[in-house]
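J.: Protein chains in written order, with my numbering: chain A, 18 to 133; chain B, 614 to 728.
Source of the hints: derived by calculation from the structure; they are not laboratory data. No incorrect hints appear here.
Computed, partial: chain B to chain A, Cβ under 10 Å:
1) 645
2) 647
3) 649
4) 655
5) 656
6) 659
7) 662
8) 701
9) 705
10) 714
11) 716
12) 717
13) 719
We put the beta carbon where it would ideally sit given N, CA and C, even for glycine.
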Amino acid sequence: DTEVTQTPKHLVMGMTNKKSLKCEQHMGHRAMYWYKQKAKKPPELMFVYSYEKLSINESVPSRFSPECPNSSLLNLHLHALQPEDSALYLCASSQDRGRPHSYEQYFGPGTRLTVT
Amino acid sequence: AQSVTQLDSHVSVSEGTPVLLRCNYSSSYSPSLFWYVQHPNKGLQLLLKYTSAATLVKGINGFEAEFKKSETSFHLTKPSAHMSDAAEYFCVVEINTGTASKLTFGTGTRLQVTL
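Pulled out of the complex, with its shape left as it was, chain A reads as follows (with noise of 0.2 Å):
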């Protein structure tokens, strides 16, 4: 089993709202990323987990929560978000994180996020 879920698939919020954003893999991988996509451009990395600790953040404003509960569940909490954040994000998964092996990252369908 290759697949990455998440959802919802659809997330509608207002810019005082919180919700939160899921993805599971039960693919045994020990690395998960968060990205988003912007319409007509490439995905954006913004978070990574490797073996359940955050190790990567690339700046990302703090109204982006991320959340690693087990080696299979990623969350992303949102919260007071501005409508320029309306985006797919996408979440995925690899077997480890680097080297000396590397090990192709498997990406979920997305959660089309629109803030209004």
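Start from chain A and add chain B according to the hints.
T.: For chain B alone, kept in the frame of chain A given last:
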């Protein structure tokens, strides 16, 4: 610093004709390179990867890519396009920071397949 440049933002081919999507890379050492495909409103799917083994890499759905160090290229090809190949294609290089693996994406090439 590692980076990739996709030379065409849009490629249009007729069904049944060959596909060529071009990618050049910049890396201070032997890179790991990937091609991902994204169909409309979908996530990304790995087509193939190069990790310093064979220079000709075969992927899914009949795609392949050749790593050419002398030309710093990693072009994606397919002998015969199918309508279902219409999608956005990303050339990607892996950056290893020592503590994590980061992907740097090219700007993407939109492949259009016409009858």
